[in-house]
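Below are the chains, spelled out letter by letter.
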Amino acid sequence: MDRLTILIIIPVLTVLALIFSTKRKSYRVIAAIGMSIQTLYSIYLLLEYLSIRQAGNTSEMVFTRSIIWFKPWNIRYEIGVDGIAVAMILLTSIVTVSGVFVSWRIKDLPKEFFVSLLVLATGVFGFFISLDLFTMFLFYELAVIPMYLLIGIWGSGPREYAAMKLTLMLMGASALLLVGILGLYMHSPLIEGQHTFSIQAIAHSPMALSDQLFFFPFVFIGFGVLGALFPFHTWSPDGHASAPTAVSMLHAGVLMKMGGYGVFRVALYLMPEAAHEMSWFFLILAGGSIMYGAFGALRQTDLKYINAYSSVSHLALVLFALLMMDAVSWTGSVLQMISHGLITALFFALIGMIYERTHTRDVTKMGGLMKVIPFIAMMYVMVGMASLGLPGMSGFAAELTIFVGAFQHSGVLERVFTVIAVLSIVVTAVYILRVVGKMLMGPIKTESFYHMDKARWYEKTAAILLLACILGIGIFPNWLYKLIRESVEPMIKLIQ
Amino acid sequence: MTWIDTITLMRNEWSILIIFLLLLATEILLDDRRQHQLIPLAIGLFAVHTIGSFFPGKAGELFGGMYRTNDLLHFMKAILNTAVLIILFQSYHWVKTELAPHGRAGAFYLLLFAVLSGMYFLISSGDFIMFFIGFELSTLPVAALTAFHLKEIRSTEAGIKLILLAGLASGIMLYGISLMYAVTGNLYFADFLVNTDHETLLIFGLVLFLSGLAFKISLVPFHFWAPDVYEGAPIAVTSFLSVVSKAAAVFILLILLLSVLPELSEIWKMILYILSVLTMTVGNLFALRQTNMKRFLAFSSIAQAGFILLGILASEAVGASTVVYFILIYVFTNLAAFGVVQAIKDATGKEEMVDYTGLYRTNPRLSLVMVLALFSLAGIPPMAGFFGKFFLFLAAAGKGYYTLVLIAVINVTISLYYYLLPVRAMLLRTSDAPLAHIRSGSMMRIGLILCVVGILILGMYSPLYDYILSLTNEWLQ
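Protein chains in written order, with our numbering: chain A, 1 to 496; chain B, 1 to 477.
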């Protein structure tokens, strides 16, 4: 058994254990144990990875393994990770385990809930370790479809509508992606008379520019939809608003990162020339997204919508940095994916906790929460600061890196959008502080808010875990920066 | 050619004939009131027959080339057998309670096996005469089966509709064959197009001929019979029509186009391209608005046929292998869906989508089977349907049909919408008066378990696809 397959096997075994267990109380325990093991294993994987690098292994991918699956098509189960994938895996397991803790009190169909959640997680883990476009695509779809059930069954508000919209838009995106992947396959280098789905093999001999120009938009938009690229972002706010807490966390924290990761690993890495040619167009979309998301968040009063639009803005920053195509920006972009993953996960977890106590998500109807639920409110302030880029938090490290990288480009378009992106921080500060002011400070507006339950142990566990990671990255960004930078460098070297 | 060859090459045909005669004799000897004893006999015999059909056979020709067979054809017949066996399991309860008391169980099985033997001859035909005999034998008894619901007027209507339209289709097809014969002067597949120019008359004949087959596969615009017939017929017959009948027709279409008419590929590829786009799109658009589960599955199976054409368009051994592979998966997937519809109909008599509201709360297992089947039809991994569709698209893209693949994947997305509708009804919604818990019989369970195992295993188990590809490679050498 190789190291990476275990990342798939642990969630699958947990799912099986869930299916065969019959005690209602034991479901959440099983899910929590399974995902805790997964988190510990991810940490172990990170340490192992670091020690391998320390020992002087400089190959692009480590822990690789390639098993032939469908021989006639040369489809392989090909896995391997670099620093970026390791970081994403760690992020996924942390968000998933806190998602399980946050869902501790789920009442309706708990078994099915955890099974769906873990199937989703399995898809995400599989996606990040895949080095073969076929398996990558397979895991992508595997991660999307449980969202339908998770939002549709356990969601709130117009859940059926939101679930259907999300699923159709993401599956439509994956349809475009499929065309792109087929194109990449058909133009891939011939090895022993066979084409290949292997990302590494394609990257080392990319196809002709004319073909790249044809297939690049398919792949970029295919993944871009998942990364909530304007104007394909509309699934995301509705999906967030209707999803149950844990699902919002995974959705914004992890699932949307698959979009950024896919753009980076497939679209830009495998079709760099087309990326250079067409980056202006997508730069405009991404730049528009940054501002659109920020101003969208400004106008919302529903907590979940605010954070959903804020996610659109912050993820567009990821795509924006990726399109800059240089090592610093890419490093910043990956940092931003991780930082934003942790920050939004915590945001949505806290929103879930607040909603459970106030039964409203409308900011204007709340006030003075700091007095009754100090722990949750303090956490909210902290994560808000992280989101608007306060130094010492992960958001600062990520965004600063992105802007430093982007400012190297002296083209007019790049410069203009860099300035716009920097300005968006101001808007971010406005909508974050506005919520903090209205919801947490001031007098308590409603009688029933005087008596609220304090945060429970499982809620604290999830929140502290996430906040610790945010602070950890913020205070010691260097090791993560180095981890990512070392993996980005060979990729940049290859495509230039 | 010795008589031994006649038996070994035609073992499927012989074996079904023996079963047919045994059943006929038993039925005559049995008292009408004890007709239900026929059912286990029929299922048991047919199960043995199905298992037997999986052993690889011999390749060869009989009757001066009128009949031919090889490993691929044997495998196709085995697929058909598997499908029929699952249908027999799933229809057990219905036959026992609805048909046997009226002394009609025997007739049901006899007609079904007659159709199946017609399909064997259809697939194995070596000339147009045998082809036509097989075609008729595999169509006409189905009309009788369709009208098997004595009490329901819609069933009778469906039967009449089917026989009238099928007769028309046969006539047009026969006319096409005669036109082609007029040009080539030959009816044998083996040297059909030798020394012929592509005369207009030949092309005209081909178009008429293809429309006959398109009728049987229910490709748009030859699909008008399908929804009404599917809805009116008993569920066992509907699943037979939409799975077995369609599979047999696709097989013979594949065989004819790739091995008999490859010289005309420019023409039939153009025709199939248009038919494929029409079939996927129209099938999907009509499926969107269906509320009856049988009708819903009917339109979904029309749309699925459009995807299959992509594999035929890709042609050569690779394209053929994806088609056979997809059909194999399609058999298990669609029969799982029909099985659940049958189980619910058996227990409650309901088959509208509204009746399925909140089904998961009372019947989690049945709903799960249905969900798996629908996801597989929609092409969601890790269900088998994902692999089937992916390979069809891969084969088509390999021949440069990117536009067609794009249309197809957009259609897959549309189809996802309506495949999610029953999921929505069963899982997302709750009902004040959901269907009571259903305890389906052991036969139904076997049928459903077979399907579920197929859905979960067939896609991931890659040696299966390798095997099919080796068969088609051997065939087209």
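No wet-lab data here; the hints were simulated from the structure.
Any given hint could be a false lead.
Label-pair restraints from in silico Cβ distances [said to hold, decoys possible]:
1. B:ALA436 x A:ARG24: 21 to 31 Å
2. B:ASN292 x A:LEU16: 28 to 38 Å
3. A:SER59 x B:ALA59: 26 to 36 Å
4. B:MET270 x A:PHE407: 47 to 57 Å
5. A:LEU16 x B:GLU352: 33 to 43 Å
6. B:ASP197 x A:THR234: 53 to 63 Å
7. B:ALA436 x A:SER156: 42 to 52 Å
8. B:MET270 x A:ASP211: 19 to 29 Å
9. B:ALA59 x A:THR234: 26 to 36 Å
10. A:SER156 x B:GLU352: 47 to 57 Å
11. B:GLY167 x A:SER205: 40 to 50 Å
12. A:THR234 x B:GLY349: 38 to 48 Å
13. A:THR234 x B:MET270: 34 to 44 Å
Don't be surprised by glycine CBs; every beta carbon is placed ideally from N, CA and C.
Checked hints:
1. B:ALA436 x A:ARG24: 21 to 31 Å: Check passed, 23 Å falls within 21 to 31 Å.
2. B:ASN292 x A:LEU16: 28 to 38 Å: The hint (28 to 38 Å, Cβ to Cβ) holds, given that ASN292 (chain B) and LEU16 (chain A) are roughly 37 Å apart.
3. A:SER59 x B:ALA59: 26 to 36 Å: violated, 50 Å
4. B:MET270 x A:PHE407: 47 to 57 Å: holds, 56 Å
5. A:LEU16 x B:GLU352: 33 to 43 Å: holds, 35 Å
6. B:ASP197 x A:THR234: 53 to 63 Å: With a Cβ separation near 57 Å, ASP197 (chain B) and THR234 (chain A) satisfy 53 to 63 Å, so the hint holds.
7. B:ALA436 x A:SER156: 42 to 52 Å: violated, 29 Å
8. B:MET270 x A:ASP211: 19 to 29 Å: At 25 Å between Cβs, range holds.
9. B:ALA59 x A:THR234: 26 to 36 Å: Since the Cβ atoms of ALA59 (chain B) and THR234 (chain A) sit about 57 Å apart, the hinted range of 26 to 36 Å is violated.
10. A:SER156 x B:GLU352: 47 to 57 Å: Taking Cβ atoms as reference, SER156 (chain A) and GLU352 (chain B) lie about 28 Å apart, which means the hint is violated.
11. B:GLY167 x A:SER205: 40 to 50 Å: violated, 59 Å
12. A:THR234 x B:GLY349: 38 to 48 Å: holds, 42 Å
13. A:THR234 x B:MET270: 34 to 44 Å: holds, 39 Å
Of the numbered hints stated above, those contradicted by the structure are hints 3, 7, 9, 10 and 11, listed in ascending order.
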